[in-house]
Structure formats: structure tokens, C-alpha cells
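> Chain residues, written in single-letter form:
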Amino acid sequence: MSNSSFDTSKVASTNATAATAAKPTKAGVVANWADERLGLGTAMKKNLRKVFPDHWSFMLGEIALWSFVILLLTGGFLTLWYDPSMAEVTYEGAYDPMRGVHMSASYASTLHLSFDVRGGLLMRQIHHWAAMLFIAAMLVHMMRVAFTGAYRKPRELNWVIGCILLLLGTIEGFTGYSLPDDLLSGTGVRAADGFMKASPVIGSYMSFFIFGGEFPGEAVIPRFYVAHVLLIPGILLALIAAHMLLLVYHKHTQWPGPGRTNDNVVGYPMLPVYAAKAGGFFFIVFGVTAVMGALLTINPVWQYGPYDPTKVTAGSQPDWYMGWPDGALRIIPGWESEIFGYLISWNVMIPILILPPLMLMVLILLPFIESWVTGDKREHHLLQRPRDAPTRTAVMVALMTFYGVLWAAGGNDIIAIKLHLSINQITYAFRVLTFLGPIIAFIITKRWCISLQRHDREKVLHGYETGVIMRSPEGGYSERHLPISEEKAYSLTARERDEVWSPESETDANGIPAPGTRVNRLRARLSANMFGDNVQPPTREEIEAAHHHAEHEHQLQSALDGRSADGHQFDGHHSVEGETLSRDD
Amino acid sequence: MSTLEERGSDNTPAVPEPIPNPGLPAHTWRPTDVDPAKEKRAERQVAAFFLVSAICSVLFVVSYFAFDVGDNWTTFGGLGASTLFLGLTLGIGLMSIGVGVIHWARKLMADHEIMEMRHPAASSVEDREATVEALNTGIEESGIGRRPLVRNSLLGAVGLIGIAPLVALRDLGPTPNEVAEDADYPGAGLYRTVWQQGMPIVRDAIGTKIKAEDLEVGDLVNAAPEILYPTEENGWEGALEGVEVQITKSKAALLLLRMDPAEIQAAPGRENWTVDGIIAYSKICTHVGCPISLNERTTHHLLCPCHQSTFDLADAGKVIFGPAARPLPQLPIEVDSEGYLVAVSDFDEPVGPSFWERNKG
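Order-wise, the sequence lines are chains B and S.
1 is the number of the first residue of the first sequence in the UniProt record's numbering; add one for each residue after it.
1 is the number of the first residue of the second sequence in the UniProt record's numbering; add one for each residue after it.
Hints should not be assumed to be uniformly reliable.
[Claimed, not checked] What the simulated footprint calls covered on chain S by chain B, stretch by stretch (three residues with Cβ under 8 angstroms from a Cβ of chain B suffice, anywhere in the stretch; the number is not a length):
#	stretch
1	35-44
2	91-101
3	111-118
4	180-191
5	296-302
6	322-330
7	345-355
Derived by calculation from the structure, the hints in this document are not laboratory data.
Here a beta-carbon is modelled for each residue, glycine too, at the ideal position from N, C-alpha and C.
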């Protein structure tokens with residue numbers, strides 16, 4: 001290609017503009033210098049003032065993001081002293097009770113970090129707290145996204161990335177807390193060896209390859225280390241970057257409200273307000289984890305002692321996010337079967353090798369199942385209140401209940417000791433609750449949502465309850481309702497009507513039903529179950545009729561209007577400035 | 001539903017609005033926007049937060065040099081003066097910056113909400129068509145569709161080269177069979193432990209031999225093979241080195257319990273595996289391999305603290321509760337000429353967690 005084909009018409013003028021600008025600002029000078037080399041102007045032009053809507057729940061993902069940054073910073077500090085080696089050494093550091101004890105170099109260096117490096121224990125504790133926070137924030141952020149329907153088109157892929165981040169975060173946490181090679185974490189690695197060995201066909205090979213021979217070997221800590229500080233963080237970083245890029249590209253979802261529609265996004269610009277708020281929030285999250293690291297002891301490995309395969313402490317538990325598969329592992333009956341002389345350990349495979357990946361698949365598929373049932377291919381940028389999607393909310397609460405029951409089962413020994421109950425009975429109860437709990441939770445949540453929807457509809461049609469009881473001339477009593485504000489009424493009704501999908505509607509121009517009728521019947525039944533009972537927002541006609549009715553009632557009650565006895569002084573919905581409670585006539 | 005499908009191409013869901021959109025509420029000025037005194041005050045507040053942070057940073061440096069980490073780790077409620085003060089100064093210093101910046105954003109930065117229009121996530125139809133066309137042109141020009149020989153041989157080559165990294169991972173570790181056959185430490189492999197005929201049973205942690213008569217009924221002893229406690233006299237010096245010690249421990253850990261012989265229900269074939277009511281079991285749980293440690297003295301029940309599998313030591317180590325599927329392996333024991341407990345042989349089955357080919361050994 002010859003040079004003449006480049007468009008040079010703007011080069012001179014750009015330079016000229018920069019040169020002739022009356023008095024360029026300092027920021028402008030820097031921006032020009034950078035743009036002439038990087039050409040970021042086009043992208044930055046839009047993004048510097050990009051709009052982010054405001055809501056407290058949008059902060060949850062931010063906590064996860066900042067925790068990750070804190071993990072990178074504190075983790076970098078820890079690597080300067082930590083020695084990922086299982087070579088046997090004799091501890092000679094500052095911590096008296098362990099002096100002279102034989103241990104692995106990794107445990108000894110963790111003690112060295114804790115007792116001989118100033119700020120080392122602090123950084124270890126900040127790192128561990130931030131890890132807990134990272135996964136907790138991801139989990140809660142994921143629930144926010146699901147409960148509000150933010151995972152609908154076009155954000156399904158970002159949901160998938162989020163689910164993978166949750167999985168990777170969990171593995172990252174496990175490899176991380178295994179590194180000190182103390183008695184507690186070693187017990188966890190011992191269990192992980194049991195999990196691997198329970199895998200059909202390749203189990204013992206997997207274990208021997210990962211441990212470099214027989215458990216515990218000398219290889220596993222260095223291998224976990226490289227996974228923990230390089231491989232997994234690398235993937236996490238890449239996926240987080242993709243997650244953020246998609247967020248910017250899709251623009252953030254927002255709650256419906258006056259002026260806030262599916263076609264726009266209303267909020268503060270990235271520069272300066274959102275940058276300041278988000279940037280400031282990083283310092284707050286870091287500050288909070290630092291204070292936690294100072295005040296709350298976490299994972300005091302010096303109390304556990306070095307790993308010894310013959311020792312274990314009572315109440316051995318993994319970090320909280322591994323608690324739910326551990327609970328499943330505790331309450332499953334001892335099922336094992338043999339085929340052709342080979343052993344299948346269902347008692348390990350089901351809770352550890354099958355259940356967690358299955359749960360992840362269910363999570364990943366949620367938006368796709370939902371859009372298949374609804375047949376909805378449109379983009380959704382307005383959030384739904386959890387009550388406005390009763391089935392989705394109920395499914396989420398059922399999943400949470402399932403998770404919660406298993407998580408509690410992971411502490412069945414602690415519950416037994418604290419409540420003086422029999423561990424056997426608690427375990428049987430958890431077995432039943434694992435199946436029954438989610439079903440009950442689903443039913444209650446769904447009905448609860450629908451009655452809340454009904455309440456919203458009442459508010460739009462008949463106003464809010466003032467708490468003022470009126471007596472009619474005939475002697476009947478009724479509660480006075482006053483209309484809610486127009487903005488509130490709009491926010492409550494600005495949602496779509498649910499449509500129950502039926503196979504009949506899936507016909508072509510000639511009325512020929514679409515193929516795949518069996519699948520269609522399933523889809524229709526699911527759709528009817530999902531949406532059939534939902535309460536729809538009132539139509540314009542219904543609102544008008546209701547208001548007409550209300551006006552009539554008000555006329556009957558008009559003698560009281562403007563008087564102190566009309567009750568609105570007490571309901572918090574109206575300004576009462578300048579009014580007194582005394583009768584003014 | 002056809003209406004929904006039709007709207008598929010249109011990115012705007014038709015929100016049926018029973019109430020017309022009242023539009024964005026009017027902007028209201030904050031006190032700091034209209035009252036210069038309040039504005040000044042907010043400005044001072046923000047600066048005060050930054051000042052607090054600066055003071056904390058100085059205090060952090062002071063704490064770093066003032067408190068010695070090694071000696072004082074138990075002071076201040078077990079937190080350690082160094083850790084406590086470094087953490088508090090760092091934490092408050094960071095938080096003050098955060099609070100100051102957010103206060104600045106909330107009180108002093110412009111708070112006009114602005115609006116942006118959304119665009120469909122999809123590219124424009126023209127762009128998409130152009131891309132598809134470019135893609136097709138590229139594919140066409142490469143000739144990958146017209147030259148199946150090139151395509152298929154490439155697929156084969158790429159697939160095969162993928163084997164290289166997989167094969168290269170082979171040396172991550174020896175296979176279970178290689179360990180069993182080639183490893184030069186006693187009891188190597190999944191099917192064997194270090195226990196063998198005549199191996200003295202010693203107390204864990206101290207390594208002293210155990211006389212049968214020294215055990216009372218009801219005593220539970222954590223035991224180990226003597227090879228783990230080498231001395232010049234017992235001749236085990238150099239038998240196990242480095243990592244082999246941990247491997248041996250993880251398989252050979254033993255529980256000794258003395259019961260009333262009448263209470264023991266010996267499994268068939270194990271009638272003479274005990275000595276005067278002293279019975280020996282593997283300490284490694286058959287579930288996922290935790291060492292079992294919680295003993296109920298009156299019932300002879302042993303509970304694994306990891307997942308609560310419970311074994312009945314009087315009844316051949318049978319599982320009576322919990323997720324474990326198999327009884328604890330039992331070690332046949334006898335007394336030597338001096339009255340010390342020794343093993344008769346190795347376990348007659350693999351110890352520890354189940355694995356696929358366990359019953360094939």
C-alpha cells in the first residue's frame with residue numbers, strides 16, 4: 001500500500017489545533033502528548049464521561065474486584081518470604097513453642113513470616129480475610145444479579161464468566177490455604193487425596209501424579225504454589241478483565257424509575273463522580289480488611305503445628321466456601337459398589353466429584369433455561385424486583401436453601417457439641433432437609449412474591465394505607481387510602497407483562513404448528529408454571545376506574561380534607577410543615 | 001408470543017406503560033451547592049480525612065520501628081503490638097483516604113445525573129454483513145474448504161501435537177505400580193505398609209515398645225511401627241529417609257485398644273489376631289484418609305473428626321455411622337519373646353481411602 005492512500009487531511013489540522021489552542025490545560029497537554037502516540041482519544045472520548053447508575057447493590061461486585069486487588073498486593077508481599085518447599089528443616093525462629101521442631105520449609109517460612117517479619121502476620125491475615133471477602137462478595141454479587149434478572153440478554157455470557165470466576169476463586173482459596181503445610185491444611189490436602197483416589201479408573205494415577213508418588217510426597221506444595229500465584233491468578237485476571245470490558249460495553253443495568261427506561265442509562269459520569277466513589281471505595285475495602293487483619297486472628301497456623309499424617313484436631317473444617325461440599329460429604333450414607341471387581345465410591349464421588357460441578361452447571365444454565373422458557377430474545381437493561389419474577393426468585397431461594405443446609409451440615413459436629421444434640425440425629429435431619437428444605441423454600445418464596453405483587457397492585461390502584469380509620473354516617477368503619485405519588489406509581493408499574501407461552505402461538509403464517517411438539521408441551525407447561533400465577537401490573541383502564549372510584553370516596557370524605565384529622569400528618573408520605581394538630585375551624 | 005418473537009429484532013421491549021413516564025425528577029441543589037459556608041465546611045472535612053490518613057502513615061512507620069515483632073506477639077489480647085498497630089494505622093490511613101474521596105464526591109463534585117442512550121449489543125447489520133463477507137472471503141482465499149487433504153492433514157497434525165504436552169506431563173509422578181515395584185523403601189505402594197512380621201509396635205511420639213501387660217482394659221494407644229523411631233540399638237537407622245517418613249506415617253499409623261476379651265466379636269479368620277483383648281486397627285479412615293482420633297471409651301466406638309464416620313472397635317472395626325463404607329483394616333499382632341507387642345504381618349488389605357482398583361491388588 002502506498003503512503004498516498006493514507007488520509008493525511010487531519011494530521012496538520014490536529015497539530016495546528018494543539019499548537020494554536022489559546023491556553024491548553026495541563027491535563028490537555030498530557031492528553032495530547034499521549035494521544036499522539038497511543039491514539040486513545042476516540043475510545044476515551046466516550047468512556048471518560050461514561051454513565052454509571054447508582055444503587056447500593058451495584059457495590060457488591062466492586063467489593064469482589066477490590067478484594068482481588070488487595071489479594072494481589074498482599075500476596076505479592078507474602079511471596080518475598082514464603083518458601084514453597086516440603087524439605088524438612090528444624091525451626092529456629094522467634095516462636096518459642098515450635099523451636100527445635102522438625103517441619104517443612106513452607107511451614108517454617110510461614111512461621112518466620114508471622115513472627116520474624118514485621119507486618120508479615122498482618123499481611124497474612126489481610127490476605128486471608130480478603131480471600132474470604134473475595135468469595136463472599138462474588139457469591140452475594142451473583143445472587144444480586146440473579147435476583148434482579150440482570151443475567152438476561154445481552155448479559156448471559158458475563159454471567160457465565162462470573163460463575164467460572166466463582167469456581168476459580170474457590171480453587172484459588174483452597175490451594176492458598178494449603179500452602180502453610182500446617183496440620184489443618186494438611187488434613188484438607190489428605191482429604192483431597194481421598195477425593196482424587198475416589199475418581200473412577202484414573203483415581204490413584206491422578207493422586208500419584210499430583211503428589212509425585214505416594215501421599216504426601218514432596219511435590220504437592222510447590223505445585224499448589226505455582227497454581228496459586230501464577231496459573232489461577234492469571235486466568236482470574238484475564239476473566240475479570242473480560243467481565244469488566246463486557247460491563248462497560250453493555251452499560252450497567254438500572255432500576256426502572258421516572259426517566260429511567262430500557263433505552264437509556266441515567267447516573268453519574270465516570271469522571272469525576274464514579275471514579276472518585278469507586279476509587280475511594282477501594283481504599284475503604286482495603287482499610288477494612290487491614291483493620292480486620294489487625295484485630296481478628298485468622299488461621300493461626302502456629303497453634304496447629306506442622307502437618308503430621310497421623311494427627312488431626314477435632315472440629316477440623318475447611319474455609320467457609322468449601323463448607324457445603326464438605327457437608328454433603330458428611331451426611332451421605334456410606335455407599336460403595338463393585339463392578340467387575342472395581343470399586344466405585346459413591347460416598348465420595350456424589351458429594352465432591354458430581355455435586356459441585358452439577359451445581360455450577362445449573363447456575364451457568366439459569367439464564368439460558370429462562371430465556372428458552374419465555375422465548376424472550378429481547379435485550380433487558382431494566383432490573384426486576386425479586387417479587388416481580390416469583391419463579392426465578394423462588395428457584396434462587398431454593399438453591400440458596402440447598403447450599404445453606406449442606407453448609408450447615410458441614411458443621412454438624414460443632415452443632416452437636418454446642419447444642420448438646422446427637423450427631424446421628426442431626427445428620428439424619430440434614431439428610432431430610434437437603435431435599436425437603438429447597439422444596440419448602442420454593443413454595444413459600446413463590447407465594448410470598450406473588451402476595452407482594454398483589455400488594456403493589458393494590459397500592460397503585462387504591463393508594464397506600466394511611467392508618468386512619470373512617471366512620472361512615474351509617475356507622476361502618478373503613479381505612480382511608482391515599483394515592484401514592486406519580487413517581488412511585490410509575491416505578492411500580494414500569495415492568496413488562498408476563499406472557500404465558502403456548503404452543504398454539506408458535507405457528508407459521510399458514511397456521512401450521514411448529515415441529516417438536518413434545519418439547520413445546522414441556523415448554524408451555526414450564527411457562528404456565530413460571531408465570532401463570534403472577535400478578536400483572538394494572539392496565540391504564542383499571543387505574544382510571546380505580547381512581548374514579550377513589551374520587552367518589554374522597555368526595556364523601558371531603559369534609560375532613562385539609563383538617564388535622566385527615567391523618568396524613570402521621571403517615572410520612574406528605575409534608576406537614578406549617579400544619580398543626582389543633583382544630584383550625 | 002409471535003409478538004415477542006417479532007420484537008426479537010427490535011431491542012426495545014414494549015413496556016406497556018399504564019402510567020406515562022413522568023421523566024427524570026428535577027435536580028435539587030445540595031446545601032453545599034448553595035451555601036458557601038457549608039461548602040467550605042465540607043472542604044475542610046475532606047481535607048481533615050486526608051490529614052488523618054497522613055498522620056496514620058507516619059504512625060505506621062513509627063510502629064514499624066518501635067515495636068519488635070518477635071517478642072511481643074502475645075501482647076494486646078494475643079494480637080501482638082506490632083501487628084496490631086501496623087494494621088490499625090494502615091487500615092485507618094487507607095479508610096480515611098477512601099472516606100475523604102467519597103465525601104468529596106458526594107458533597108462537592110457536580111451531582112447532576114446525566115443520561116446516555118443505550119445501543120443494541122449487536123453490531124449494525126451492515127457491519128455484520130461486511131464481517132461475514134470478510135470471513136467468507138478469507139476462508140475462500142485460504143482454500144480450506146476446497147482442499148480437504150490440507151484441511152484434514154492439518155487437523156490430524158494439530159490433534160497429534162496436542163499429545164506432546166500431555167505426554168510431557170507423564171513424569172509428574174510414578175504410577176502406583178511403579179512405586180509398588182521399584183521404590184526402595186519398605187511397604188511402598190497402595191497395597192502395602194511398612195508393617196511386617198516381627199515389626200515392634202511402639203508408642204507414637206516417644207517410640208517406646210509396648211508390653212502387653214502394661215495396658216489396662218479400656219486403654220487406647222496411638223501406636224507406630226518401630227522403624228519410624230530409629231536408634232542405634234534397634235537398627236532402623238537409615239531405613240527411611242526424608243519424604244519416606246511422612247509416607248510411612250500416613251499408612252502405618254495404628255490404634256491399639258485393650259478390651260475385655262469377651263467383648264471382642266472377632267471376624268472369621270481373625271480369632272488369633274489379638275493378644276489378651278488387645279486389638280490393633282489402622283488409624284487411617286477408610287473414607288478419605290483422616291487419622292481417626294475420637295474414642296468413646298464405654299462403647300468402643302471411634303469417631304473420625306473430619307466427617308464423623310464411626311467405627312465399632314469391638315466388632316471388627318465395622319462402620320456403624322457416617323459416610324465411610326468399609327471397616328477399619330485390622331493388624332494381626334502377637335507378643336515377642338520379651339512380652340512386647342509386635343506385628344504378625346502386614347495388613348491384609350490396603351489402608352486408607354478407597355480407590356478404583358483397590359480390590360484387584
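> Taking the hints in turn, state whether each one holds.
The hints, checked one at a time:
1. 35-44: violated (count 0)
2. 91-101: Since 11 is at least three, the answer is holds.
3. 111-118: That given contact holds, which follows from 7 residues of the stretch 111-118 of chain S lying within Cβ reach (below 8 angstroms) of chain B.
4. 180-191: holds (count 4)
5. 296-302: Not satisfied, violated; 0 residues make the cut.
6. 322-330: holds (count 5)
7. 345-355: holds (count 4)
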